[in-house]
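Student: This is what each chain is made of:
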Amino acid sequence: MKNHVTEILLVEDNHLEAKLTISSLKEFSLADNLVHVDDGAEALDFIFARGKFAHRLNDKHPRVILLDLNLPKIGGLEVLRQIKSNEQTKSIPVVILSSSNMDSDIARAYQFGVNSYVVKPVDFEVFFKAITDLGAYWKSLNQSHLLH
Amino acid sequence: MTAKQYNEKTIYKIGFFSYAESESDKMTNCFLLGYFTLGLLLSFFYNTWAIALYSGGLCLFAYYSAKIILPKSNFYQYVLSVVLGIFVAQYIYQMHGLLEMNLLAIIGSAALVTYQNWKLQIPLAIVLIIHHALFAYLQSHGFDKIYFTQYGQMPEQNIIMRGAFGALAFFICGFWSYRFRKYTERTIEQSYEIGRLGEEKLQREALVKLSEDLRISNEKLNEANYELGMLFNNIKDVLFSIDIKSNRLTNISPASAIVYGYTPAEFYSNPELWKQVIHPEDKHLLKGKFKPLYQGEQLRIQYRIIHKDGSIRCIENHIIPTVGANNEVMRLDGITRDRTEKMKAEAEIINLNASLEQKVLERTEQLEAAVKELEAFSYSVSHDLRAPLRVINGFGKLLMRRYEDKLDKDAMESLQAIVGNAKQMGQLIDDLLDFSRLGKAPVVKNEVDMTEMVKSVVSETMAFEPANISRINLRELQPALCDAALIKQVWVNLVSNAVKYSRKRDNPQIEIGTIGENGHTTYYVKDNGAGFDMEHSDKLFGVFQRLHKVAEYEGTGVGLALVKRIINKHGGKIWAEGKVDQGATFYFTLPH
Numbered sequence: 003m004k005n006h007v008t009e010i011l012l013v014e015d016n017h018l019e020a021k022l023t024i025s026s027l028k029e030f031s032l033a034d035n036l037v038h039v040d041d042g043a044e045a046l047d048f049i050f051a052r053g054k055f056a057h058r059l060n061d062k063h064p065r066v067i068l069l070d071l072n073l074p075k076i077g078g079l080e081v082l083r084q085i086k087s088n089e090q091t092k093s094i095p096v097v098i099l100s101s102s103n104m105d106s107d108i109a110r111a112y113q114f115g116v117n118s119y120v121v122k123p124v125d126f127e128v129f130f131k132a133i134t135d136l137g138a139y140w141k142s143l144n145q146s147h148l149l150h
Numbered sequence: 032m033t034a035k036q037y038n039e040k041t042i043y044k045i046g047f048f049s050y051a052e053s054e055s056d057k058m059t060n061c062f063l064l065g066y067f068t069l070g071l072l073l074s075f076f077y078n079t080w081a082i083a084l085y086s087g088g089l090c091l092f093a094y095y096s097a098k099i100i101l102p103k104s105n106f107y108q109y110v111l112s113v114v115l116g117i118f119v120a121q122y123i124y125q126m127h128g129l130l131e132m133n134l135l136a137i138i139g140s141a142a143l144v145t146y147q148n149w150k151l152q153i154p155l156a157i158v159l160i161i162h163h164a165l166f167a168y169l170q171s172h173g174f175d176k177i178y179f180t181q182y183g184q185m186p187e188q189n190i191i192m193r194g195a196f197g198a199l200a201f202f203i204c205g206f207w208s209y210r211f212r213k214y215t216e217r218t219i220e221q222s223y224e225i226g227r228l229g230e231e232k233l234q235r236e237a238l239v240k241l242s243e244d245l246r247i248s249n250e251k252l253n254e255a256n257y258e259l260g261m262l263f264n265n266i267k268d269v270l271f272s273i274d275i276k277s278n279r280l281t282n283i284s285p286a287s288a289i290v291y292g293y294t295p296a297e298f299y300s301n302p303e304l305w306k307q308v309i310h311p312e313d314k315h316l317l318k319g320k321f322k323p324l325y326q327g328e329q330l331r332i333q334y335r336i337i338h339k340d341g342s343i344r345c346i347e348n349h350i351i352p353t354v355g356a357n358n359e360v361m362r363l364d365g366i367t368r369d370r371t372e373k374m375k376a377e378a379e380i381i382n383l384n385a386s387l388e389q390k391v392l393e394r395t396e397q398l399e400a401a402v403k404e405l406e407a408f409s410y411s412v413s414h415d416l417r418a419p420l421r422v423i424n425g426f427g428k429l430l431m432r433r434y435e436d437k438l439d440k441d442a443m444e445s446l447q448a449i450v451g452n453a454k455q456m457g458q459l460i461d462d463l464l465d466f467s468r469l470g471k472a473p474v475v476k477n478e479v480d481m482t483e484m485v486k487s488v489v490s491e492t493m494a495f496e497p498a499n500i501s502r503i504n505l506r507e508l509q510p511a512l513c514d515a516a517l518i519k520q521v522w523v524n525l526v527s528n529a530v531k532y533s534r535k536r537d538n539p540q541i542e543i544g545t546i547g548e549n550g551h552t553t554y555y556v557k558d559n560g561a562g563f564d565m566e567h568s569d570k571l572f573g574v575f576q577r578l579h580k581v582a583e584y585e586g587t588g589v590g591l592a593l594v595k596r597i598i599n600k601h602g603g604k605i606w607a608e609g610k611v612d613q614g615a616t617f618y619f620t621l622p623h
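Residue numbers (the numbering used here), protein chains in the order written: chain A, 3 to 150; chain B, 32 to 623.
In case anyone wonders, no lab produced these hints; they're calculated from the structure.
Hints may contain errors.
Claimed, not checked - FRET-style restraints, in silico, Cβ to Cβ:
1. Val120/A to Ala494/B: 36 to 42 Å
2. Ala494/B to Lys21/A: 41 to 47 Å
3. Leu387/B to Asp40/A: 22 to 28 Å
4. Lys21/A to Glu507/B: 28 to 34 Å
5. Ile546/B to Lys21/A: 53 to 59 Å
6. Glu507/B to Val120/A: 18 to 24 Å
7. Lys600/B to Asp135/A: 34 to 40 Å
Just so it is clear, CB atoms sit at the ideal spot from N, CA and C, and this is done for glycine as well.
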């Protein structure tokens with residue numbers, strides 16, 4: 003069933019922030035096939051179809067992963083490292099959405115092979131614009147991908 | 032009179048007499064030659080050649096033989112006396128018994144006076160007495176072999192007269208010889224005494240001067256000796272001398288009682304003492320070290336000793352050898368210094384250094400830990416403080432967006448306040464993080480084209496400016512040696528400040544330029560905006576210090592603090608001049 007293909011995996015422990023992100027994506031109808039998980043462990047379970055996501059078919063990867071860095075259980079950078087070091091999952095685009103603008107975090111994220119790093123601004127207007135730009139970009143990319 | 036003076040006088044006398052004798056000998060040579068020649072002359076008249084030649088020749092031979100064989104003795108003078116007697120007899124025989132030839136004996140006797148020895152008269156007298164006695168005896172016994180003329184019996188009166196005259200002549204000549212000698216001796220003694228007295232006077236004067244000089248130098252020597260003695264007895268270091276030949280300690284100063292604890296007497300009585308006091312662990316330090324001393328090289332050596340009181344002391348010995356004429360070391364002189372306190376101080380310094388290093392390490396660790404904590408704190412500030420602000424701002428905006436038509440103006444204004452303040456606080460946090468991050472970043476200096484840099488800053492600033500009416504007058508700027516990224520931040524802050532505060536003017540004017548040349552360049556940004564009261568100029572560059580209300584001019588109060596921090600990190604200066612409503616000028620310098 004095409005409808006059940008997950009377009010976006012959002013990894014965010016702060017539910018209010020997640021709601022803001024989802025709200026922004028909804029404005030462009032990008033949140034229809036979005037899955038939200040609370041921590042790094044759950045994110046890895048989903049991606050590798052383990053634990054409570056064991057029923058998921060292994061080959062159906064999300065189109066894009068929006069990843070926070072400061073996560074409970076397993077940190078965002080570790081999640082990123084595991085995705086990018088696995089042959090089957092390393093091609094999934096990963097965008098880090100983080101409050102941290104620390105140089106060391108940014109450098110390590112790129113070192114692990116992140117596709118994009120977005121520092122979440124306090125001003126919602128700017129945030130909204132960043133998210134929608136991102137969503138539109140990936141959507142267009144995916145559509146062109148589907149055509150082939 | 033000392034023995035020396037006696038000897039001198041005798042030598043002086045002998046010298047004079049030997050000179051007189053050699054003069055007399057010369058006269059004697061002529062005299063004897065005359066006698067011999069007289070014998071030959073008589074032979075012409077009386078045909079007595081055999082007597083003249085044999086007797087005269089034998090006489091000459093006897094005289095010169097005695098003189099040559101015993102040159103140092105006056106024996107030849109006695110021979111001469113005998114020879115003169117024989118010559119008289121010879122002439123009597125040659126003249127055929129003419130006894131008047133006895134007169135010649137008086138001449139000979141007188142000639143002997145020149146030797147100034149009355150005893151010389153005796154042999155001549157004996158020869159004549161024996162000759163005349165023998166002659167008279169032979170005649171009276173009728174010995175006819177006597178071939179000269181017979182005189183017959185001589186009257187007794189005549190014989191006594193002749194004998195008396197002869198004896199008188201000998202006596203007078205002998206007496207003269209004696210007197211002559213005595214007189215000569217006295218003259219010699221007097222002249223010697225006179226000479227000696229003159230010499231003595233000169234000598235005495237010289238001696239007086241010499242003794243005066245000697246007295247002065249002696250005094251000086253005594254003084255020096257006294258000072259040296261004081262030094263030797265009171266110096267804190269031990270002075271010592273060793274005689275190499277006897278291998279004995281000849282001198283050691285009283286300080287040994289302090290440095291070693293042993294008195295000089297103890298060192299003199301025990302020649303091995305200096306070895307016995309060496310710390311057992313340091314004995315190896317001295318092995319073979321003394322050899323170079325015997326080749327004339329100095330030795331400086333440091334080792335530990337055990338003091339008489341049992342404590343361990345560190346001493347330094349400096350030994351200087353003295354080399355004699357035959358290139359052999361004669362004596363050693365040394366000085367022993369107690370180095371214990373110095374060594375202790377040095378050890379203390381080493382200890383202190385070590386503990387200082389330890390402390391520095393500890394402090395560094397503490398500092399590093401503090402820095403890490405601060406980093407963790409900044410991280411949580413940047414992450415955890417911004418998240419709730421974002422949520423407040425975000426949901427506020429969502430409310431305004433979705434319920435714009437349902438909310439009244441008052442509610443919308445309240446929402447705007449919430450959203451705006453959240454945004455403001457987010458900005459504040461970002462500025463603060465920039466400010467603290469700047470403290471850690473090192474300054475990387477490069478040659479920077481300031482004109483180009485300010486041009487791009489101006490265009491970037493004006494791009495976000497809604498009312499782009501400011502007129503910016505950018506002059507040519509001196510290049511600078513600085514960190515490009517940091518100094519760009521300075522220009523961004525100063526230019527945007529100038530734009531911000533002059534925005535409300537009818538004719539905003541901003542001027543950017545430099546004052547001064549090479550190495551003393553001052554950059555400035557001048558505006559004709561709101562300005563400030565110089566009374567509050569000290570608050571200008573403080574964090575969170577603002578001279579204007581947020582409602583009038585937006586801002587967090589971090590910008591100028593950041594600028595000051597960057598300029599300070601470069602070693603430069605920043606200051607400002609201004610008047611309320613008459614604009615402000617910001618100056619800064621960068622060292623070359």
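Student: It remains to establish, for every hint, whether it holds in the given structure.
Tutor: Here is what the structure says about each hint:
1. The given range of 36 to 42 Å is broken by Val120/A and Ala494/B, whose C-beta atoms sit roughly 23 Å from each other.
2. At roughly 34 Å, the beta-carbon separation of Ala494/B and Lys21/A lies outside the given 41 to 47 Å, and the hint is violated.
3. Against the hinted window of 22 to 28 Å, the Cβ-Cβ separation of Leu387/B and Asp40/A comes to about 53 Å, which falls outside the hint.
4. Remark: the range hint 28 to 34 Å for Lys21/A to Glu507/B is contradicted by a beta-carbon distance near 55 Å.
5. The hinted range of 53 to 59 Å is satisfied by Ile546/B and Lys21/A, whose Cβ atoms lie roughly 57 Å apart.
6. For the hinted restraint 18 to 24 Å between Glu507/B and Val120/A, the CB-CB distance of approximately 41 Å leaves it violated.
7. Between Lys600/B and Asp135/A the Cβ separation comes to about 37 Å, which falls inside the hinted range of 34 to 40 Å.
Of the numbered hints stated above, those contradicted by the structure are hints 1, 2, 3, 4, 6, listed in ascending order.
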